[in-house]
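Those protein sequence lines, which keep their order, are chains A and B.
Count the first sequence with the working numbering and you get residues 2 to 839, in order.
Count the second sequence with the working numbering and you get residues 7 to 173, in order.
Simulated from the structure, these hints should not be mistaken for lab results.
It is possible that some hints are incorrect.
Among chain B residues calculated to face chain A with C-beta under 8 Å, some are [what the hints assert, rightly or not]:
1. Pro114
2. Phe161
3. Ile162
Note that this is a predicted model, so its numbers are computed, not measured.
Ideal placement from N, C-alpha and C gives every residue a C-beta, glycine not left out.
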Amino acid sequence: MTKLVSLTIDGKQVTVPEGTLFVDAAKRVGIDIPVFCYHPKMEPVGMCRMCLVDVGRPMIDRATGQPVMDENGAPKIQFGAKLDTACTTPVSEGMVVIGASDKVKAARKDIVEFILTSHPLDCPVCDKGGECPLQNLTMAYGPGETRFLYDDKLHLAKQVPLGELIYLDRERCIQCGRCVRFQDEIVDDPVIGFFNRGRSLEIVTHSDPGFDSVFSGNTTDICPVGALTTADFRFGARPWELKSTSSICSQCPVGCNITFNVRREAASGGKTVIKRVMPRQNETVNEIWICDKGRFGYHYTESDDRLTTPLIRKNGELTPASWDEALGLVASRFSAAGEGLLTLGSGRLSNEDLFNLRQLTEGVKGKAALYTHMAGGDLTAQVGVAPGTDFGEMGKGTAILVAASDLYEEAPIWFLRIKQAAERGATLIVANARPTKLEAYASHVIRYRYGAEAETIAAMTVDRGPTTVAGHPSSVADASKAFAEAENAVILFGSDGLGLEGSQALSAACANLLVATRHVGRANNGLVGVWSRANDQGAWDMGLRPLTVDRRPELQSAKAIYVVAADPFGDDPGLLATFNLQPATFLVVQDLFLTETARRADVVLPAQAFTEREGAYTSGERRVQRFYPAAPARPDTWPDFAITAQIAQKMGSILEGRVPAAVFTQIAATVAAYAGLSYRKLAETNDQWPSVGSGVRRKGLYFSGTAYENKQGVGIHLPLSPTPLPPVNMQSFHLQGEGLLAVPVTCLYDRGQTVYPSALLHQRIGEVWVALHPADAERLGVVANSRVSLTLGGAEFDATARLDESVPQGVALIPRSMGIPINGPEAVEIRAGERVVL
Amino acid sequence: MLKELGRGMWTTLRSMFEKPVTIEYPEVKRPVRARFKGRHELKRYDNGLEKCIGCSLCAAACPADAIFVEAAENTDEVRFSPGERYASTYEINMLRCIFCGYCEDACPTEAIVLGDNYELSFTDRRQAIYPKEMLLEPVRGEGKTTPQKTEPGEFIRSIPLMENPKD
């Protein structure tokens with residue numbers, strides 16, 4: 002327990018833990034000390050001098066060591082000769098801090114005047130204007146007039162692209178270093194830095210491509226001026242014109258809380274469109290950060306390629322039809338199919354959609370399946386992390402095992418939070434077949450060969466520990482000892498190099514390890530799935546289960562297939578060949594776009610994007626969170642749960658199809674883990690620190706940036722399933738065959754339907770690639786960055802070869818959703834293409 | 007009785023030779039006062055570039071919410087105004103406008119000015135929304151119309167150098 006210290010700030014008594022900085026202590030009691038360079042999430046540097054305060058300490062009699070008393074019996078306070086910076090001075094007992102005296106006011110006035118000497122004052126054209134800490138603090142503390150001459154202002158480059166996502170305005174920069182410190186301290190992607198000194202100091206990027214970090218957008222939030230702005234929102238609107246709606250990011254299982262800022266746009270014909278995505282504070286999920294995929298990837302929802310009308314196949318062509326006709330046809334064919342109905346939903350859907358899907362399917366005794374390449378969602382419901390879990394609290398005494406996951410690419414915010422936990426003293430164990438970014442912070446690194454994921458984790462249970470990694474002195478034995486002895490332990494398992502079969506084995510091994518080491522049923526203990534979609538966990542909870550590894554038998558035996566928010570044939574043309582053998586199968590696709598699967602469908606139903614409707618997602622940590630409609634829906638589209646309900650109605654069963662809250666009430670009544678939950682409970686919030694303030698004139702924005710206050714719900718962590726864990730049979734899984742092995746890996750920016758429509762990200766997405774070890778490449782005669790052709794599963798593909806020392810020998814990494822269909826590890830043949838170095 | 011009638015007739019007769027207070031509108035138009043607040047005009051610089059930078063402060067100041075502004079970025083090939091930003095959409099709903107002149111006050115570049123024109127009539131609500139093309143003043147003298155192709159580096163400053171008001 003840290004010692005508490007009492008002090009007086011502007012006449013108010015404050016009691017805070019020892020070591021707290023003044024600026025934070027003052028904020029706790031609602032006193033705002035102005036800052037530019039200080040940020041509550043980062044180490045203080047005291048660069049801007051804006052937070053000057055008058056600090057007095059009790060006088061101590063040197064002879065006795067006792068405080069000197071004045072005539073009234075109160076301790077005598079001695080003030081320093083000069084002012085101190087509130088952001089670098091920690092509190093001590095009996096201190097008196099004055100932040101409102103004339104002396105302090107005069108000092109702050111001079112600092113503002115000084116900062117403004119070379120500020121261009123182009124607030125009218127600045128994207129930050131209106132939510133700018135410099136504007137606000139100038140109005141509050143500034144002199145109103147300057148004694149400097151406008152003619153002598155420093156004029157610098159105005160629009161310097163640091164990368165294709167972030168622009169720098171050198172004139173506006175006040176050199177506080179928040180962006181540089183964020184990239185160094187918080188993210189550890191030191192791709193931007195200071196160059197030169199004094200008046201010539203400038204922010205530069207030293208990566209190629211520029212500002213190569215997936216967290217780059219956050220620097221624009223914490224920039225206290227308009228020096229860093231995003232290319233996406235450039236001149237998009239003024240902040241006070243924007244309306245904000247709370248939502249949940251749908252790109253990965255972290256479930257970051259976001260705010261959509263919307264405004265009517267003339268360019269879109271007067272429609273209300275999303276102008277920007279901002280982080281919304283949730284200290285237990287994403288703090289005040291989001292990754293660039295979440296920030297810039299939303300454009301698919303407003304793509305012109307969206308489906309806007311139901312389509313029915315007539316004479317071999319998909320032709321527009323009325324909802325009534327389409328739904329009637331679907332309902333009659335589904336009723337006829339009965340047990341032969343196969344429903345395939347994905348984690349892109351909300352809980353309400355998935356619940357209705359299952360209700361409809363089970364109404365005719367069909368099979369509701371989850372479209373995924375990962376298993377283990379049933380295990381996370383039993384041995385998952387218990388309510389109260391917070392990566393932000395983890396530190397000493399906690400072990401975190403990250404198995405088969407490249408978190409930086411799969412779930413960037415978890416990467417950030419686990420990295421920080423490791424820096425606070427948590428024991429981080431990274432088990433992967435290849436080096437990942439997270440290993441730099443790991444206490445133990447376990448390296449296995451692809452295919453031995455489950456074996457390796459199982460070895461940790463029985464403490465055999467044979468494998469050692471060159472350069473890492475620790476072994477599996479050390480890692481498993483550290484894991485077993487830790488007070489709390491969490492495992493995150495991903496799908497790096499794994500298909501469904503491998504994922505089944507790995508998740509079982511992880512669950513067994515947690516049970517064996519008794520790290521279950523408590524907060525900050527348990528299993529977390531790094532799913533590929535936002536609501537995969539919710540889909541498991543709603544009772545959807547993956548198809549078999551082969552998938553073909555189910556597709557072949559189905560009389561009608563209802564594919565919702567998934568594109569199995571686009572992802573795997575091999576499946577299409579199987580499907581084509583079944584001309585009688587009735588295929589219904591419900592999606593946002595005319596996907597490859599939809600092109601083959603008999604009926605296509607246009608759904609609404611998550612930005613246009615209400616719903617709830619369950620994150621990988623099993624936190625249920627609500628999202629709200631931000632933009633108006635496309636005319637003649639419906640939310641997924643409503644379409645399903647209307648089909649059900651025509652089939653003669655009643656499902657809730659109007660109010661998502663009512664569907665959720667049914668979920669709460671049916672699904673044990675969701676018992677007692679309601680939309681109202683999901684909308685509850687709590688006090689969070691650091692406080693970011695609310696509204697356009699939010700007071701806290703200079704303190705912690707332009708992240709939005711959480712006013713519409715922090716979500717509720719689901720309790721664990723009360724059923725005792727059955728012993729999990731871990732199926733052993735071995736790869737067969739010789740030669741080069743292709744393994745699927747996840748990369749953050751891919752060519753998926755929910756990413757690629759964002760043109761801004763195309764440069765980061767790049768060409769479809771395959772990564773090889775240089776030794777393998779040499780053997781195959783493949784040159785770096787050359788085109789290669791590869792044979793995978795009987796089909797031919799072209800790709801650009803990337804040579805990477807970190808790829809294990811004998812393995813070719815193939816990114817998912819980039820154009821080469823790959824479900825799991827399989828043999829591949831690679832031939833060098835024409836030798837043109839791109 | 008006759009006396010009163012005679013006085014009345016005299017008044018009539020006298021007024022026939024007086025200068026009339028009415029004018030023959032619309033053939034004749036009365037000049038407006040110096041501070042008259044009529045229909046808005048978006049001003050140009052002498053070279054034809056628009057003064058408006060699309061900052062939307064007029065819309066923020068407007069008590070009737072009559073102004074809608076959307077901004078976009080200038081390039082040297084397609085330049086509407088000096089600096090980085092120009093108004094790609096600028097609309098005023100004249101039915102909403104109360105001609106208070108707050109927009110003029112708020113404008114940092116003196117781009118929007120309430121002019122002399124008071125002849126605003128519409129037969130349709132849509133007609134009352136004046137787009138940028140109607141609000142922009144015509145190009146004068148040597149100036150060229152916008153968009154212009156300009157030399158790189160010539161108009162990079164976002165606001166014309168700030169000076170104290172002259173008059």
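Cross-check of the supplied hints:
1. Pro114: holds, 5 Å
2. Phe161: Nearest chain A Cβ about 11 Å off; hint violated.
3. Ile162: holds, 6 Å
In this structure, only the earlier hint numbered 2 is contradicted, and the remaining ones agree with it.
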